[in-house]
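Listed below are the residues making up each chain.
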Amino acid sequence: MAEIRKFKSGRAGEPSSEPTPRRLAAIVAGDISGYSRLMQIDEEGTHTRVKRIERDLIEPSIVEHHGKLVKTTGDGFIAIFDSPVEAVRCSIVIQQNVVGRNASLPKHHWIEYRIGVNLGDVIIETDDVYGDGVNIATRLEGIARPGEVYISGGIYEQIKHKLVCGYESLGDRKVKNITDPVRVYRVLPDPSALHQNRKRRERILALLLGLALLIIAGGTLWQMLWQPRKSANQASAPVSSPVEAPKVPAPALTSPPPLPKPAPTIAPIQQQAAPQPEPSPASKQAAPLPPSASPVTPAGQPTTQAAASIREPEIVSLRGGSFAMGSNEDASEKPVRQVTVKPFAMGKFPVSVQEWNACAAAKACGFTATGKDDAPITNISWNDAKQYVAWLAETTRKPYRLPSEAEWEYAARGGTQTRYWWGDQFQAGMVNCRNCSDIPASDQPVKVGSLKPNPFGLFDMGGGVDQWVEDCWHKTYQGGPADGSAWVENECPSRVIRSGSWRKDSGYARASSRGSYDTNVRYPTHGFRIALSP
Amino acid sequence: MKFMQWTVLAAALTCLPFAALAQGKPAHKDALLYFVWPQNGAVIKGGFWCRFGLRNMGVTHAGDNYANSGHHHLLVDVNEPLNPKEPIPQDKSHLHFGAGQTEARIELPPGKHTLQLVLGDAEHYPFNPPVVSQKITITVR
Numbered sequence: 001m002a003e004i005r006k007f008k009s010g011r012a013g014e015p016s017s018e019p020t021p022r023r024l025a026a027i028v029a030g031d032i033s034g035y036s037r038l039m040q041i042d043e044e045g046t047h048t049r050v051k052r053i054e055r056d057l058i059e060p061s062i063v064e065h066h067g068k069l070v071k072t073t074g075d076g077f078i079a080i081f082d083s084p085v086e087a088v089r090c091s092i093v094i095q096q097n098v099v100g101r102n103a104s105l106p107k108h109h110w111i112e113y114r115i116g117v118n119l120g121d122v123i124i125e126t127d128d129v130y131g132d133g134v135n136i137a138t139r140l141e142g143i144a145r146p147g148e149v150y151i152s153g154g155i156y157e158q159i160k161h162k163l164v165c166g167y168e169s170l171g172d173r174k175v176k177n178i179t180d181p182v183r184v185y186r187v188l189p190d191p192s193a194l195h196q197n198r199k200r201r202e203r204i205l206a207l208l209l210g211l212a213l214l215i216i217a218g219g220t221l222w223q224m225l226w227q228p229r230k231s232a233n234q235a236s237a238p239v240s241s242p243v244e245a246p247k248v249p250a251p252a253l254t255s256p257p258p259l260p261k262p263a264p265t266i267a268p269i270q271q272q273a274a275p276q277p278e279p280s281p282a283s284k285q286a287a288p289l290p291p292s293a294s295p296v297t298p299a300g301q302p303t304t305q306a307a308a309s310i311r312e313p314e315i316v317s318l319r320g321g322s323f324a325m326g327s328n329e330d331a332s333e334k335p336v337r338q339v340t341v342k343p344f345a346m347g348k349f350p351v352s353v354q355e356w357n358a359c360a361a362a363k364a365c366g367f368t369a370t371g372k373d374d375a376p377i378t379n380i381s382w383n384d385a386k387q388y389v390a391w392l393a394e395t396t397r398k399p400y401r402l403p404s405e406a407e408w409e410y411a412a413r414g415g416t417q418t419r420y421w422w423g424d425q426f427q428a429g430m431v432n433c434r435n436c437s438d439i440p441a442s443d444q445p446v447k448v449g450s451l452k453p454n455p456f457g458l459f460d461m462g463g464g465v466d467q468w469v470e471d472c473w474h475k476t477y478q479g480g481p482a483d484g485s486a487w488v489e490n491e492c493p494s495r496v497i498r499s500g501s502w503r504k505d506s507g508y509a510r511a512s513s514r515g516s517y518d519t520n521v522r523y524p525t526h527g528f529r530i531a532l533s534p
Numbered sequence: 001m002k003f004m005q006w007t008v009l010a011a012a013l014t015c016l017p018f019a020a021l022a023q024g025k026p027a028h029k030d031a032l033l034y035f036v037w038p039q040n041g042a043v044i045k046g047g048f049w050c051r052f053g054l055r056n057m058g059v060t061h062a063g064d065n066y067a068n069s070g071h072h073h074l075l076v077d078v079n080e081p082l083n084p085k086e087p088i089p090q091d092k093s094h095l096h097f098g099a100g101q102t103e104a105r106i107e108l109p110p111g112k113h114t115l116q117l118v119l120g121d122a123e124h125y126p127f128n129p130p131v132v133s134q135k136i137t138i139t140v141r
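Quick mapping for you: the protein sequence lines, in order, are chains A and B. Under the numbering used here, the first residue of the first sequence carries the number 1, and numbering increases by one thereafter. Under the numbering used here, the first residue of the second sequence carries the number 1, and numbering increases by one thereafter.
Hint data in this document are derived by calculation from the structure and do not stem from the laboratory. Do not take every clue at face value.
In silico BS3-like pairs for lysine-lysine, Cα to Cα no more than 25 Å straight-line [unchecked claim]:
id, chain 1, residue 1, chain 2, residue 2
1, A, Lys452, A, Lys372
2, A, Lys334, B, Lys92
3, B, Lys112, A, Lys475
4, A, Lys51, A, Lys68
5, A, Lys334, B, Lys45
Given the sequences, and given the hints that come with them, work out the whole structure.
In structure tokens, the structure reads:
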């Protein structure tokens, strides 16, 4: 920290004091792709997030790499560096850290920068920088794909042997309002990405070669040792070679690949939550590596347990995290407070009739339900739900349980802070609720998973069936735990239900909406979903 | 108000012979559901205990299918008519007392509110004819 401050005071004062109208500089231009779209989704939120990224990431990174932030625009920034190497390093640091920040958000909320770097002779003033060197940097940024860094030929010539990155030549590009075409390179933060395949091939080849040599050597040895005896077992000759194999090829192999080493030099970075530099930034986009709690593992694909052959409900592993629980819309949802949820897994759907009936068939659940197999189970009291999870936990020997209320809301929000997971405005057709979609009201809610999943990949988190959670009912959150655990007392007459139902209005389908019901009473719209401790 | 209630009840009673198709269980002919407290027109400060009265029928746990018995539901500021073919809704304005409660602590925001009791059968359907109380209006300060 002290060091950063020193840089700041040292550098910031210098350029303004010396009157240098022109100078050669590496110009970094960055902007957020889809900024207006983000602003449309969530104006205030986006603004705060962008400001935070600028304050916490962009400014310090520039300072750390001995650069100077010239200006920030609404959605972008321009910085100048004395050193092209530092300029590109800084750009990579920013890109990789932004990835980490997005990790906790659904894809359509991602803030992704496009960055262009150019070397040029520019005119520098206190709060702006001019010249076509700047324009080219901006154009490069304009053609860069979100999350990527594009550099000009001039920068490339300066850094190609100094900065260990992969560089993909995109050829000469004609850019708007610039007469001469510009040579463009795409920076691949991980050099191994480009050569990985080749390296692997080389390594396999080396291994095969080593093995072949070994076999020959082994064969010769065998011949030499055993020929005098004229053993009949000549056929077994090759068998001896694998035994010796580990010794010989080992040194042979270690010499060729000193290759993985250079990687760390790319950037001595604070790679916070940033995932390992991936093969290429392009593939980052393709594989939405979503929220800090993400549907990465649909872990419990209908597994058949060898022991009991039970079809376990599908679950989605959630990474957990901190979120603002509650809202100011109803007295029961106040006060809004920050709650941290540990990693856990949540049922992908509410428990279905079929899943429930497996428990009923085992005589562990109170009644056999009628209705379609894939409809959510209904007319469930909290006690019923507890019986089911107890049975499931016992037969599978996994810690199945009901979710806590905090876990439920965390999962329902899917990383968002809006009323519904898709935004603040209600949208028809997103949930199965009363007077709010084209789905005709009926005795049965629509089958599980027939509507869109939320950003965590969970279905029917809102509407459908009311869902029991572990918590006792408390009229407000005053005094509730902030660690994501269930808020319970020994004996509580009523427990919390979440989600609203197909017979309740859209307001009940909000992520933060909560209700209560007597613990041991069944009601035709009440169901539940399961949770699993890691 | 009161007159309306009675006409509705009377109308419901005349329909009794034709009601074989309806969902609800038959109610006792002299069943009477009423508020012990508060009374119609009461002015109340803050939260209060609402007490439910029922004559000629019994209160049981929801799900218990005994003849001539049911459980209470309190409708707060509900204006839509009750659909006798559907379970009594369960939400913030339809409070359920399926554990057989005969009183409840109620907290309402300041202002005028209407309260009405409805008796539900084991499956939360209204009886046939519906056993409902007079709809009372109270003022919370």
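Checked hints:
1. Simply put, Lys452 of chain A and Lys372 of chain A have alpha-carbon atoms about 20 Å apart, close enough for the 25 Å limit, and the pair holds.
2. Restraint check for Lys334 of chain A and Lys92 of chain B: satisfied, since their Cα atoms lie roughly 16 Å apart, inside the 25 Å limit.
3. Simply put, Lys112 of chain B and Lys475 of chain A have alpha-carbon atoms about 22 Å apart, close enough for the 25 Å limit, and the pair holds.
4. For the hint linking Lys51 of chain A to Lys68 of chain A, the alpha-carbon distance of about 18 Å falls within 25 Å, and the restraint holds.
5. Using a Cα cut-off of 25 Å, the hinted pair Lys334 of chain A and Lys45 of chain B holds, with the two alpha carbons roughly 22 Å apart.
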